[in-house]
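Undergrad: If you want the building blocks of each chain, they are given just below.
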Amino acid sequence: MAKGIWVVIEQNKAEIRKVSLEILSQARTIADKTGDPLVAVILGKGIADLAKTVAAYGADKVVLVEDDKLADYSTGAYTSVLNKLIRKDEPQAVLLGNTAVGKDLAPRLAQRLGVGMASDCTGMEYDEANFLTFKRPIYGGKAFAEVSSNTRPVVATIRPNTFALGQQDAAKQAEVVNETAEIDAADLRAIVKEIIIAASERPELIEANIIISGGRGMKGPENYKVLEECADVIGAAVGASRAAVDAGWIEQKFQVGQTGKTVSPTLYIACGISGAIQHLAGMSSSKVIVAINKDPEAYIFNIADYGIVGDLFDVVPLLTEEFKKLK
Amino acid sequence: MNIVVCLKQTFDTEAKIVLDSTGKIDSAGVNLVINTYDEFAVEEALKLKEKFGGEVTIVSMGGDRVQEAIRTALAMGADQAVLVNDPSIAYADEAAIADILAKAVATIPYDIILTGRMAVDDGSSQVGVRLAEALDIPSVSSILKLDVEDSKATATREIDGGTEIIETTLPAVFTAQKGLNEPRYPSMMGIMKAKKKEIKVLTLADLGTSAADMAAKMNAPKFSLPSARKAGIKIAGEEAADKAKELARLLREEAKVI
Amino acid sequence: MNFDYSDDHIMIRNMVRDFAEEVCGPGAEERDEKEEFAYDIWKKCGELGLAGITFPEEYGGIGADYMSYSIAIEELSKVDASVGVTISAHSSLCANPIYMFGTEEQKQKYLVPLATGEKMGAFGLTEAMAGSDASGTRTTAVRDGDEYVINGTKCFITNGYYGDIYVITAQMDKSKGNRGIAAFILEKGTPGFTFGKKEKKMGIRSSATYELAFENVRIPAENLLGQEGQGFKIAMATLDYGRIGIASQALGIAQGAYEAALKYSKERVQFGMSLSQMPVIQFKLADMALEIEAARLLIYQACDLATQHKPVSKHAAMAKVFAAEVANKVTKEAVQVLGGYGYTRDYPVERMMRDAKITEIYEGTSEIQRVVIAANILKD
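Chains as they are written, first to last, in the working numbering: chain A, 1 to 327; chain B, 328 to 585; chain C, 586 to 965.
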């Protein structure tokens, strides 16, 4: 009695966020096992063309909800719309990316639906008894919890870069359904007045595939230029440890760690970072870790796949040159 | 102004995590503190009280030891507290915690509810927003700034790649992000006065409910520890230039990440 | 005898520990190197209520017990012994004699701003010829109408220059020896009161240590503290309580050095094992731990007596001499455990070792402490 796996597709100015496609790809393999229809749900304005993309990644059905009030994400409007659609169709599961939107929308939606929710999952498997079980990091990644829900739909947010993108097939077709947005007045008590996006060519930290971070060894704000030059050659995001942020060398939004952002890039290059446990909490799920540090005893060398003992101000510019040669 | 702060007591972020013989997270000998993000919420509440007058009430859930965390918030300047301490609660997931806190909060007058955006132990980031839904009031999560005026508030919220300004009616729930403020140290006088402030301890029955009604919607979790990440290699080489060259090669050919 | 900390003590320790680590810690090494006094840290201590811990609320204090005071000094000193002594000298050596011997007017005028941290206090007893032997006091005070005229110099004065209020001793009648000494309250800025040499020291280098000079300094008669001739007794009573502060400073220094050695010994690997796995190092750490524990208990016993206003002279002297000697032993051993690294400024233990030495000297040398203890045990 298949009922549907829903993936809420996050989009910004008609560009789909990579994490939504990652989840869709993984959900496709689960839907193939369970026989549930895989449904991509997109809210927004001017989003009609996005149906093609999600179909190419395996969605069986695309639900489009176009409305001026949905042009930009807002908690109330999105919760209201999704709640009504979900109560109507009763899917088995609803999945979202663990992004700023996901972290805000999913719990509000789960509470309105009266169901449990698994946050920031780094693993998702089909399970006969519970439909889906999830693996998620706790205590800053120092432990893991395996969780499942005893309510339906199962709601979960998935950490970006957890699942690989599946193969795109432009020939794949999906049923496209247009729904009207039903938004209660009570859901418009909090409204977005202004959105300020920091102009940056570099990838968003929590989604970046490559991150180059600087810590106490950076010794000053102007020195981040060295990392930025490297970042721009390899398409990386720039991060920082708490020590550098607290010293005022770089803004808080670049902080990776327990009280900063949690990242899971394919490659994390830590420069002048000792490897305090709180920093590790933010980046220990990186696939490959490189450490560059003057201090041979620095703890970070214990968890780095590759380490260079040396002055980052010597090594990083040389590395930048080597990366240029590889392009 | 009536300000409520929902606070959780968590392990110190420095704590080593081990599993006990039953497979649960072992709390023996662990230093317990106010959840980092809830400290920002307490501080913001105190600033609002300083500006508008009124009272700050701490609301929390848990066993006797939570009183230590509550007392610290009282020492910072909060006025009184409500603690839901009921041994009949076997396992409370985020939904159950939010439902129980909602019942406790409903016993107090509130204009603004503040809490941290996330607990550093479960890392779920759910309870604050769920609480707002349970109370049927708006929520603004991950705030970096809060301005309050009569019965509305303007908050700066952190989003991916930037910020947004949200205007909301009150009452509302705001979840605090790092950068909202610098939490104050409790002063010596604050510490001495804290023991005279009331911590009302309630059971679920006192709140007109029961463990069965506040049941968790997630199954009790199974815990595991990560496999230790092993140290890799330190790249040898005469000069920095040799090391850099070798690293680039390894990243391309061996790790295949560039 | 209850060996538990009260909830207040635990909260105080946590607060001061956090404050010390977050505010005093980051610049401690640099301040030590540059011999820079951190006036802003002193102000923050005042704001947190650390300047008047034991004084009653009616005088702007916190009304807490001596153990709370000891805990605060210890936690500050663990991170920066210079900050610890700034608070200790201010509270015990300046505010406390005014509290113990001052008139109501003097308490309102001077104790209140000292206890709230609005003003900083210092104690001017020591002179070139009056170290352990206070009868060598050469600073003079002469009554002239409704004023006293002070002439002389003081040296090695903690919180000098930055201090606003000074309790000083002066000789009024040499023929009476110690019984001719009187104590006075003196404010910075009084004409004729100037500061001389800033002392360059081995340790506690960011504590302000200055010479005071008095040239025909005129102060109102109301600024006499206690009675004429009572000055020596006031100084001795002041030092009795002050010794609890210094003992706590020494304890903090020892604790800080011990924790640094403990942490390092777990991380440093030589001969294929961590230092902490070697019996030689284990025994060093064990001795540190046990001596610190003993010092702690002696201090808390003195605190208990002080809080109850019971005679504290013997126990304060015992606590001070013991804790100071422990601090010197432990810091030296901590440098040894850290080896070459411990000798460099990259680690704090060399500073702690330099800081520890003064605790065996000021507020009564270890030799004088033994004189005090012997006098107490032999008088019965």
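Watch out, some of these pointers could steer you wrong.
Here are some chain B residues pointing at chain C (derived, C-beta under 7 angstroms) [to be verified]:
hint, residue
1, Pro513
2, Met516
3, Ile518
Over 12 angstroms on every C-beta distance to chain B, these chain A residues come out as not near it, computed from the model [as the list claims (entries may be wrong)]:
hint, residue
4, Ser25
5, Lys33
6, Lys45
7, Leu50
8, Lys61
9, Lys69
10, Lys88
11, Ala100
12, Pro107
13, Ala170
14, Asn223
15, Glu228
16, Lys253
17, Phe323
Everything labelled a hint here was simulated from the structure, so no lab data went into it. All residues carry an ideal CB built from backbone N, CA and C; glycine is no exception.
Undergrad: Hint by hint, say whether it matches the structure.
TA: Do the hints match the structure? See the list:
1. At its closest, the beta carbon of B:Pro513 sits 5 angstroms from a beta carbon of chain C; the interface hint therefore holds under the 7 angstroms criterion.
2. Interface restraint check: B:Met516 against chain C, minimum CB-CB distance 5 angstroms, threshold 7 angstroms, status holds.
3. Interface restraint check for B:Ile518: the shortest CB-CB distance to chain C comes to about 5 angstroms, inside 7 angstroms, so the restraint holds.
4. For A:Ser25, the shortest C-beta to C-beta distance to chain B comes to about 20 angstroms, beyond the 12 angstroms cut-off, and the non-interface label holds.
5. Under the 12 angstroms C-beta cut-off, the non-interface status given to A:Lys33 relative to chain B holds; the minimum distance is some 21 angstroms.
6. Here A:Lys45 stays apart from chain B, with its beta-carbon at least about 17 angstroms from theirs, past the 12 angstroms limit.
7. Listed as outside the interface, A:Leu50 is consistent with that label: its C-beta sits roughly 18 angstroms from the nearest C-beta of chain B, beyond the 12 angstroms cut-off.
8. Residue-level check passed: A:Lys61 sits 27 angstroms from the nearest beta carbon of chain B, beyond 12 angstroms.
9. Non-interface status of A:Lys69 relative to chain B is upheld: no Cβ of that chain comes within 12 angstroms, the nearest being about 15 angstroms off.
10. The Cβ of A:Lys88 lies farther than 12 angstroms from every Cβ of chain B, with a closest approach of about 19 angstroms, so its non-interface assignment holds.
11. Residue placement check: A:Ala100 does not keep its beta carbon more than 12 angstroms from all beta carbons of chain B (closest about 4 angstroms).
12. At the 12 angstroms boundary, the C-beta of A:Pro107 falls inside the reach of chain B, the nearest C-beta of that chain being 4 angstroms off.
13. With a least beta-carbon separation of about 27 angstroms from chain B, A:Ala170 lies farther than 12 angstroms from that chain, consistent with its non-interface assignment.
14. The claim that A:Asn223 is not at the interface with chain B holds, since no C-beta of that chain comes within 12 angstroms of its own (minimum 16 angstroms).
15. Its beta-carbon lying about 17 angstroms from the closest one in chain B, A:Glu228 satisfies the requirement of being farther than 12 angstroms from that chain.
16. Its closest Cβ contact with chain B, about 7 angstroms, brings A:Lys253 to no more than 12 angstroms, contrary to its assignment away from the interface.
17. Not every CB of chain B is more than 12 angstroms from the CB of A:Phe323 (nearest about 6 angstroms), against its label as outside the interface.
Hint check: violations occur at hints 11, 12, 16 and 17; the rest are consistent with the structure.
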